[in-house]
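Enquirer: What follows is the residue order along each chain.
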Amino acid sequence: MAEKLVEIHQLCKTYFVSGGFLNPQKRPVRAVDHMEMTIDRGETLGLVGESGCGKSTLARLLTGLEKPTSGQILFKGADIDSFSAEELKAYRHSVQMIFQDSYSSLNPRQSALSIIKEPLTIHRIGDKKTREKTALDLMAKVGLSAQHARRYPHEFSGGQRQRIGIARALVLHPELIIADEPVSSLDVSIQAQILNLLVDLKKDFGLTYLFVSHDLNVIRFLADRVAVMYLGKLVELAPNPRMYDQPLHPYTRMLLSAIPSCDPRRKEKKTAIRGEAVAENDRGCAFRNRCSYRKAICSEQTPELKKMDERHLCACHLAGSI
Amino acid sequence: MEPLLDIKNLVTVFDTERGSIRAVDGVSLQVRAGETLGVVGESGCGKTVLSLSVMRLLPANGKIIGGQIVFAGTDLLKLSEEEMRARRGKDIAMIFQEPMTSLNPVFRVGDQIAEAIRLHQQLPAKQAMALSVELLREVGIAEPQKRARDYPHNLSGGMRQRVMIAMAMSCHPRLLLADEPTTALDVTIQAQILELMDELKRKNKMTVVLITHDLGVVAQAAQRVAVMYAGKVVESAAVEDLFDRPLHPYTQGLLESLPAAIASGPDRKQYLRTIPGSVPDLYHMPPGCRFSDRCAHGIERCRREEPALAEITSGHHVACWWAAGE
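Top to bottom, those sequences are chains A and B. Plus 63 on top of the position in the first sequence (first one is 1) and you've got this note's numbering. Plus 11 on top of the position in the second sequence (first one is 1) and you've got this note's numbering.
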């Protein structure tokens, strides 16, 4: 049995958004809605979903950048909400994030070297010399050369900037890396280079990844398990090839058949693709209005996440029978 | 048959502080009536500049310095600005990646479509408005009467792109230039927009140039494909030929570097194939083939002499010494 690095229990995050300046009444939006999930040590857990499904909010909750409205996040068995200042600092040492937009997540006035070694300075690790050496070694590991050290973010290409972001995330030797769409803004040929790098680093540093992406093909390449979110809820979780071969949730099926195939002869869609994700605060399945299998029960009861077998979870009343 | 759009040896340059760059450098392309031509390439390859050149909507520092853009027998580059304006939106329409920046945030979407209609057709306001509601219905917007009174920010990204398409369709253009129309959208919305575009194309016998970085989108939506690299077309072919037998090492590299290209599961390969290096600096183009630095097949001639686009098999053109059997 793999060690559980992270356990998420009944996690909720509600934001209040105003309906515009003429309509001051604030409306609650459940960005993350009773999430249950674990991340095993050493695995790559792929988290997919479309914009607004709450995947980035979940990532921010995990890093402690946001506080949950209710529910728990356990890291190695300890509730991160109960951490003392000291423990919180240690937690932030072990959990690092890689962002989508490498340009806005790097300080334009800092050189690459200074960006990469900054976490060491903040956590007071080593002296000036060893910090610099650690940062330079890491630059080499992520495919940047020593001559890049004194350059500023605008002098790098998108792919190189993402390498800087990766080096910064690794410099503290974290246990868990949360990568939020790290290759989404890169061109395909560069995307492949970065994905390969992430595979290598995982082995070298013994990392665990939570890899957030809207791209099911990228997740298919990297992930050991795949979690699918829809409007704040986990709707399906399965091991990698299985999620693609035998998806159970109608939403997962819709997502998979929406990926444009690179085979020009395969044009037929298996699933009807329709509608947009619209959150409604009522009971029942959130996906029912777009679902072609809808039955009466779907509007009456919110489906619970059920174990379909040992490793396959699905939140659908009709799972297994459609 | 005469192509509807015949681009011959087009050269578009930009003057920048660091000097002049050739964003589009000698591109020749034909688009046949009724087809969808996919133009693929990575950022900076010149695909957007190509479409803006056809519309003659280049930013102030951009200039077309050579070539012809023949649309239905007329060279668009010889038209006066006034004549060009009469064609823009009427004969040739364009949709962009980010509908939010192409729509005016302070006007209702119905009014914006009606404005486009009245620019090219002498119609009373009321009739134009009725037509605009009809167009919204046609692009699959539910309750079009009500939605016409919405402002762009009231609509989702997918709905906004539908509004842009309605506006583009308002004067029944013969040619639609779509620049990354689904890039900002989620996959399930993308699938719906691509389907809508295909349906409208058939119904209105329209010709489409679809510019995208997404090879899957091209495979699904286009009949022919042109691959661009560093301001040049390096390969063009029927869509099946291109995906079955890519000839240019760059096209081959692109297709192999897709995560979708490898099997998943226990037998999956450990690594993706990659194209080493990155796109050449537009200010310092290598003298020979622009891909030669990154190419595994590079021969001596590639570094000296630039290959021209040559027809290898029927309808399949490639600009590569190696593929041409040198």
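It is worth saying that the hints were derived from the structure and are not from the lab. Worth double-checking, as some hints may not be accurate.
[Unchecked claim] Distance ranges between label pairs, derived from CB positions: (1) B:PRO287 / A:GLU66: 31 to 39 Å; (2) A:THR193 / B:PRO116: 50 to 58 Å; (3) B:GLN281 / A:ARG374: 17 to 25 Å.
We treat Cβ as the ideally placed atom computed from N, Cα and C, and that holds for glycine.
Enquirer: Evaluate each hint against the coordinates.
Expert: Going down the list of hints, with the structure as the test:
1. B:PRO287 / A:GLU66: 31 to 39 Å: This hint holds: roughly 38 Å between Cβ atoms.
2. A:THR193 / B:PRO116: 50 to 58 Å: holds, 53 Å
3. B:GLN281 / A:ARG374: 17 to 25 Å: Taking Cβ atoms as reference, GLN281 (chain B) and ARG374 (chain A) lie about 23 Å apart, which means the hint holds.
The structure shown violates none of the earlier numbered hints.
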